[in-house]
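Construct all of the structure, not just a fragment, from the sequences and the given hints.
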Amino acid sequence: MKSQWAKDKFSLTIAENNYNKTLLQLKQLLRLDSSQSFTIDALGLNSTFPSPQQNIDSLFKMAVNVLPEIKQQEFLFKASVKDLAIAKGGLSPRIYMSAGLYTNYFDGDAMKFSKQIDNNQSQAVGMGISIPIFNNASVYSDIKRKRIAVKDRALLLQKQKDILYSEIWTAMDELQSADKEYQSAVELFVFSELSLKNATTKLEKGLASTTDYEVAKLRFMDAKTSLLKTKIVHYMRKQMLQFYKTGNWNHIDR
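Numbering (the numbering used here), first residue to last: 37 to 290.
Calculated directly from the structure, the hints in this document are not laboratory data.
One thing to keep in mind: the hints can contain errors.
As the list claims (entries may be wrong) - Label pairs and their computed distance ranges (CB to CB):
1. Ala190 to Ile288: 31 to 37 Å
2. Gly125 to Leu191: 24 to 30 Å
3. Thr237 to Gln278: 40 to 46 Å
4. Gln212 to Gly242: 43 to 49 Å
5. Val175 to Asp198: 32 to 38 Å
6. Ile288 to Asn234: 36 to 42 Å
7. Ala190 to Pro168: 26 to 32 Å
None of the values given here were measured: they were computed from a predicted structure.
Don't be surprised by glycine CBs; every beta carbon is placed ideally from N, CA and C.
Have a look at this one:
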């Protein structure tokens, strides 16, 4: 029995190390600091995982409005449109107006400085129109480049949206798979726990061997490990969908 106890203690140490490693990987995936406290209810069987079916298109619309990478591409596209409008403005005539106030001072004049400044004042007002004629070639060339830039930005924006849509589709599919795996893990855990209790009772009454008990205990530990793993995976998948809704990780319990 001491040998078995030592073996179980060794297995427990390995399981704890694997748990801490998995928890660190989860923190990295969710972009949390490694020093932040972060716990998961390992075997809360009564706490179910409500995963209502969500429409991919509606979730995609929410993500487009909050995710920074989409906003960045949208701003760059709008900036390229403005650049094109500015380039087109080079074809339009420009009307301008100018005004000026002048004065002068002559050192050889007997009149005082202040008097000269006041008497020698003159004003001028000008108005004109500039019609582009000789620079049309360069203006049209600039407009052509700006139009290409607008199309490029539009393609990049659409590409980013397509990638996002695909990611959301995959995330929803993975969450549904995690739902099924968790439910199966719960059933396996409940069954293996009952089997372990029965094996323990039989062992105490001398109706089962230690080998039967160890087999039941090993199956129970495997089921417990699978349950914890599926719960962590499900939690991760669920938080990813929430991220697409909000664009941040503030919803995570810390």
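Evaluated hints:
no., hint, in the structure
1, Ala190 to Ile288: 31 to 37 Å, "holds (35 Å)"
2, Gly125 to Leu191: 24 to 30 Å, "holds (25 Å)"
3, Thr237 to Gln278: 40 to 46 Å, "holds (44 Å)"
4, Gln212 to Gly242: 43 to 49 Å, "holds (48 Å)"
5, Val175 to Asp198: 32 to 38 Å, "holds (35 Å)"
6, Ile288 to Asn234: 36 to 42 Å, "holds (40 Å)"
7, Ala190 to Pro168: 26 to 32 Å, "holds (28 Å)"
The structure is consistent with each of the numbered hints, conforming to all of them.
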